[in-house]
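**Student:** With the hints as extra help, turn the sequences into a complete structure.
Chains as they are written, first to last, in the working numbering: chain A, 34 to 292; chain B, 344 to 617; chain C, 1470 to 1706.
In short, the hints are calculated from the structure, not lab data. From a predicted model like this one, the values you see are computed outputs, not experimental measurements. Worth double-checking, as some hints may not be accurate.
[Claimed, not checked] List of simulated lysine-lysine pairs, DSS-like, C-alpha gap at most 30 Å:
hint, chain 1, residue 1, chain 2, residue 2
1, A, Lys254, A, Lys56
2, A, Lys166, A, Lys185
3, A, Lys56, A, Lys260
4, C, Lys1517, B, Lys604
5, A, Lys187, B, Lys400
6, A, Lys282, C, Lys1668
7, A, Lys133, A, Lys97
8, A, Lys166, A, Lys156
9, A, Lys185, B, Lys400
10, B, Lys400, A, Lys166
11, A, Lys118, A, Lys135
12, A, Lys187, A, Lys166
13, A, Lys232, C, Lys1668
14, C, Lys1668, A, Lys153
15, A, Lys135, B, Lys400
16, A, Lys133, B, Lys400
[Claimed, not checked] Reference excerpt, derived from the structure (chain B facing chain C, CB under 8 Å, subset only):
hint, residue
17, Thr366
18, Trp374
19, Thr451
20, Ala455
21, Gly465
22, Ala557
23, Ile558
24, Phe581
25, Tyr584
Quick reminder that beta carbons are idealized off the backbone N, C-alpha and C, glycines included.
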Amino acid sequence: MRIATLVAAAAMTLAAFGGAEAKDWSKVRIGTEGAYPPFNVLGSDGSLTGFDIDIAKALCEEMKVECEFVTSDWDGIIPALQAGKFDAIIASMSITEERKQKVDFTNKYYNTPPAIAVPKDSKITEATDAALKGMTLGAQSSTTHSNYAEAKLKSAELKLYPTPDEYKLDVANGRIDGVIDDVVVLSDWLATADGSCCKLLGTLTSDPVINGEGAGIAIRKEDQDLKDMFNTAIAAIRANGKYKEVQDKYFAFDVYGGE
Amino acid sequence: MTELSTAIRPPVPPRPWTAARITGHVLMALWIVSFAFLLLYLFNNIGSDFVANYAPKYLSGLVITLQLVVTSVVAGALLSVPVALARNSKNRILSGIAYGYVYFFRGTPLLAQTFLFYYGVGTFREAFETVGLWWFFREAWYCVLLAFALNTAAYQAEILRGAVLNVARGQWEGGQALGLTRNVIFFKIILPQALITALRPYGNEIILMLKGSAIAAIVTIFDLMGETRRAYSRSFDFQAYIWAAVIYLMMVETLRQVWEKLEQRLTRHLVRSE
Amino acid sequence: MTEVLTLLSFGPDGWGDEIASGILVTVSLGLATLPFGLVAGFLLALAKNSREPSLRLAAGIYTTIFRGLPELLTLFLVYFGVQIAVKSLAEAMGLGFTIEVNSFVAGMIALTLVFSSYASEAFLSAFRGIPRGQYEGSQALGLNKFLTMRHVVLPQLIRLALPALANLWLILLKETSLVSTIGLADVVRQTGVAARITKEPFLFYGLACLIYLVLAMISSSGIARIERWSKRGEAVR
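**Tutor:** Encoded structure:
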């Protein structure tokens, strides 16, 4: 408590010297996770790649701003945005009512449904609550997919992991009977050598209340000007073909979903 | 009567406001204000949706934490006896192995050990399946329990060994002079004395395990910390951590007080009366 | 075998350079925390050793809290809490910007809080190990309070507190691993990322443990030197 006051006092002194400045968006810091292929991946050389990253770069180019990427753990990414560690989250974050109470979202920039993957020799036949009775399901914590499992797949026991990499390890090891995540994320993984353990059990019908209306860019509530900038830029890259160019680089299908 | 005594005794000199006294009062005032705020905050939130939604989860998390700590401390205590004996053994190889074991578990972070025992053993799934042990390592609960038990066993072995070595040699010699066997001397004379000196470090070790058990949350276990993280990641409400802090502090303080009472009771024959 | 060597190499396919930077973070976090922890711990011990009851109580509350909270929780409280406090304070004052408490600073603050609480106990028992006669002797020599502390008490205090402080340093080094959970790229986090991506968890977590063991060994030899230095004034028996 005392340390908190001290730090705050130091902050105030510094602020008094620095002077309050109006926000100028010539430079935008973008928070992302870096553990969610093919949307955002952090390589061993420290570089970020993926659909989210390329879309972000296209948006920044469109808005003529300089962008800097900051990686953050998924379950701390909203508090980090609120705390001002970056200005926008572009990390495949679904636009949900629960999250809207804390942050604002731009319009969606893609929308894909959740799905379940299971080991190839699994006895589970279909992606329904009844078929998952007594099974253990893995999900990334603090995601719409974990909320979906908690609300709609109550017969299964849920285990939460900090990143998809950990549930992939555990399903390959047979510690869990299946995993729930975005269908694109799972398909991408299943197509690699790592994912050879498993198969796609089925795609789930997304629930608008839980899964929201697609992935958007999260912005602090007070930064309405930044939100408008992003919305204009999303519409622009949709119109000028830049969006399709990025999409075709990663997917053979339409990830945007209906208008 | 009162008048008389005040008349005889010189008046108590007023305590001067030294720097130490001022600092002490200022700091105490800060603490009191902080605690008042905390109580007010907790009181305001006790009827909130957060508490209504998550209180049962915190309770189940608390039960998991307690089970985890009790099981691993007891398992560690059992395991620490052979380790301590091996450590004192005259057999070079045996004592070397025990030394290596203790050094490894005391020299590396519990977090890294937990990861090693949870994700690391997955590498050897097939080997474990052949020997029929995979059912054990399949469960996060058993992996964490094993890591915690091995960790605390290393610390407890050192506590035990230190305490036994602390008992004066004369006690052994006295026992031998009485014609008692080594076993009888150890269990009836040495161990009771050693346990008294070991009591305080044992208490500290249990408290360390209670606090360290929060690490289990990171490998999918919904202990108190796990439920706290889950509640925070859903609600982004900071009171998630405040409640957890209050619960952990109360547990540790209670344990410390109980342990102190226990120690006073067990050592009451050692207190010299005036 | 060559496969393992590739994984640990410093090139683009290997994780050697990432892990080396993790070691740097771990060691610098420990070293950055140490001086603050020692000074705060010493001041706390002075307070606990004081004749002023309010000062003793205030210091006692501090140590009770930070020795009682799980280190992981203290870290989260600092990481999220201080940031929220700073931000809302800045907002309340109508400032346009806030100070960022990054994970390194948050780790440092949290570890300092914990380390100083334990260090104060070490210093306190060392204080009690110094006989009253030492104070009386220096009074007789006409030394003032400060000089007594500087030339008589402190040298003995360091020697007496050193074994306990050395132990605390080793604990601190291990506790720095907790910052991996708030996103700081220390040894555990870097090896963890490598373990997940390469699917070689045993290799990399085993390596993490080995790194901590080596750091502990290096520390032990350093501590032994300091111990010899602190005892230089003792007569050879």
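**Student:** It remains to establish, for every hint, whether it holds in the given structure.
**Tutor:** Here's how the hints hold up against the structure:
| no. | hint | result |
| --- | --- | --- |
| 1 | A:Lys254 / A:Lys56 | holds (14 Å) |
| 2 | A:Lys166 / A:Lys185 | holds (12 Å) |
| 3 | A:Lys56 / A:Lys260 | holds (13 Å) |
| 4 | C:Lys1517 / B:Lys604 | holds (22 Å) |
| 5 | A:Lys187 / B:Lys400 | holds (16 Å) |
| 6 | A:Lys282 / C:Lys1668 | holds (26 Å) |
| 7 | A:Lys133 / A:Lys97 | holds (27 Å) |
| 8 | A:Lys166 / A:Lys156 | holds (12 Å) |
| 9 | A:Lys185 / B:Lys400 | holds (19 Å) |
| 10 | B:Lys400 / A:Lys166 | holds (22 Å) |
| 11 | A:Lys118 / A:Lys135 | holds (15 Å) |
| 12 | A:Lys187 / A:Lys166 | holds (8 Å) |
| 13 | A:Lys232 / C:Lys1668 | holds (19 Å) |
| 14 | C:Lys1668 / A:Lys153 | holds (19 Å) |
| 15 | A:Lys135 / B:Lys400 | holds (23 Å) |
| 16 | A:Lys133 / B:Lys400 | holds (24 Å) |
| 17 | Thr366 | holds (6 Å) |
| 18 | Trp374 | holds (5 Å) |
| 19 | Thr451 | holds (4 Å) |
| 20 | Ala455 | holds (5 Å) |
| 21 | Gly465 | holds (6 Å) |
| 22 | Ala557 | holds (4 Å) |
| 23 | Ile558 | holds (6 Å) |
| 24 | Phe581 | holds (6 Å) |
| 25 | Tyr584 | holds (5 Å) |
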